[in-house]
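Trainee: Sequence:
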Amino acid sequence: MENWIAALVSVIVISLASLIGIIFLGMKKNLGQKTMVCMVSFAAATMLANACFHFLPEIIEHHHDMDEHVIGLWIFLGVAIGFITEKILNWNHCHQATCASHPHTFAKMNLVGDFVHNMIDGMVIGASFLVSIPAGIATSLAILLHEIPQEIGDYAVLVHGGYSKKKALLLNFLTALSAILGVVAVLLIGHWAHDLQLILIPISFGMFMYIAGADLIPQLNKHNDDRKFSMLQVLIFLTGAGLMYFLSLVGGHSH
115 MENWIAALVS VIVISLASLI GIIFLGMKKN LGQKTMVCMV SFAAATMLAN ACFHFLPEII
175 EHHHDMDEHV IGLWIFLGVA IGFITEKILN WNHCHQATCA SHPHTFAKMN LVGDFVHNMI
235 DGMVIGASFL VSIPAGIATS LAILLHEIPQ EIGDYAVLVH GGYSKKKALL LNFLTALSAI
295 LGVVAVLLIG HWAHDLQLIL IPISFGMFMY IAGADLIPQL NKHNDDRKFS MLQVLIFLTG
355 AGLMYFLSLV GGHSH
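In terms of the working numbering, the sequence shown opens at residue 115 and continues consecutively.
Bear in mind the hints are in silico, worked out from the structure with no lab data behind them.
Certain hints may be false.
[As the list claims (entries may be wrong)] Below, simulated DSS-like cross-link-like pairs (lysine-lysine); rule was C-alpha separation at most 27 Å, straight line:
| id | residue 1 | residue 2 |
| --- | --- | --- |
| 1 | K336 | K281 |
| 2 | K279 | K148 |
| 3 | K280 | K148 |
| 4 | K280 | K336 |
| 5 | K201 | K279 |
| 6 | K201 | K342 |
| 7 | K336 | K201 |
| 8 | K279 | K336 |
| 9 | K148 | K336 |
| 10 | K281 | K201 |
Could you put the whole structure together from the sequences, leaning on the hints where they help?
Mentor: Shown next, in the form of structure tokens:
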């Protein structure tokens with residue numbers, strides 16, 4: 115019972131990191147918009163880095179018993195899920211002039227990817243607390259470290275995609291709560307959840323690569339008129355990737 119309580123408390127605390135976007139609520143509209151474009155650069159970097167520096171090492175380390183072609187199939191499925199989901203969202207997206215203020219598809223796609231990612235984090239936390247409470251706390255701290263920059267980027271993507279600042283904050287928090295589902299799943303069904311995690315990690319890798327490459331980076335390429343601003347985006351992109359790489363070295367494999 116102590117493991118349950120500790121795991122749930124940890125995942126709720128980590129979910130609160132999604133509210134870090136509150137620091138942007140007081141910004142003036144123009145300053146905030148320019149800041150958000152820069153933060154989309156940060157978001158694209160953290161998403162790609164999270165896939166390459168967190169998910170990919172886990173795939174290499176923990177999928178020895180799985181055929182390489184099967185792993186490739188799961189990764190492709192993640193990309194396909196992203197592509198098909200975006201098509202469906204576009205079908206249901208109105209194209210009238212009065213709908214210009216509606217959230218863009220890439221923002222909704224980010225919510226889908228974030229939901230799955232946070233659920234996997236919850237599964238990892240739950241599995242760690244089944245080993246011991248100290249192990250669970252250590253894992254939770256490692257996940258919290260890489261969640262903070264990720265959540266800043268996610269919030270920026272939602273605002274840049276058309277959501278109001280308050281709604282973006284709320285949606286980011288609600289998707290973060292999917293980590294609770296992951297914790298409960300592991301604590302209830304144990305090793306079956308581990309098997310599910312082995313499938314979800316390569317799928318999430320594919321989804322993250324698709325969202326960053328097909329949705330976020332093209333958004334950045336729309337802002338190439340100002341050379342200095344473009345260079346700033348590149349600098350922020352590299353900084354975000356470097357930060358995630360450093361955190362992966364400090365925290366180890368958290369998944």
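Trainee: Are the hints correct? Go through all of them and say.
Mentor: Hints versus structure:
1. K336 to K281: 25 Å, holds
2. K279 to K148: 14 Å, holds
3. K280 to K148: 18 Å, holds
4. K280 to K336: Holds, at about 25 Å.
5. K201 to K279: 26 Å, holds
6. K201 to K342: Given pair K201, K342 is violated - Cα atoms ~34 Å apart, limit 27 Å.
7. K336 to K201: Holds. K336 to K201 sits at ~21 Å (cutoff 27 Å).
8. K279 to K336: With a Cα-Cα distance of about 22 Å, the restraint between K279 and K336 holds, given a limit of 27 Å.
9. K148 to K336: 13 Å, holds
10. K281 to K201: Judged against 27 Å, a Cα distance of about 24 Å means the pair holds.
Of the numbered hints listed earlier, the single one contradicted by the structure is hint 6.
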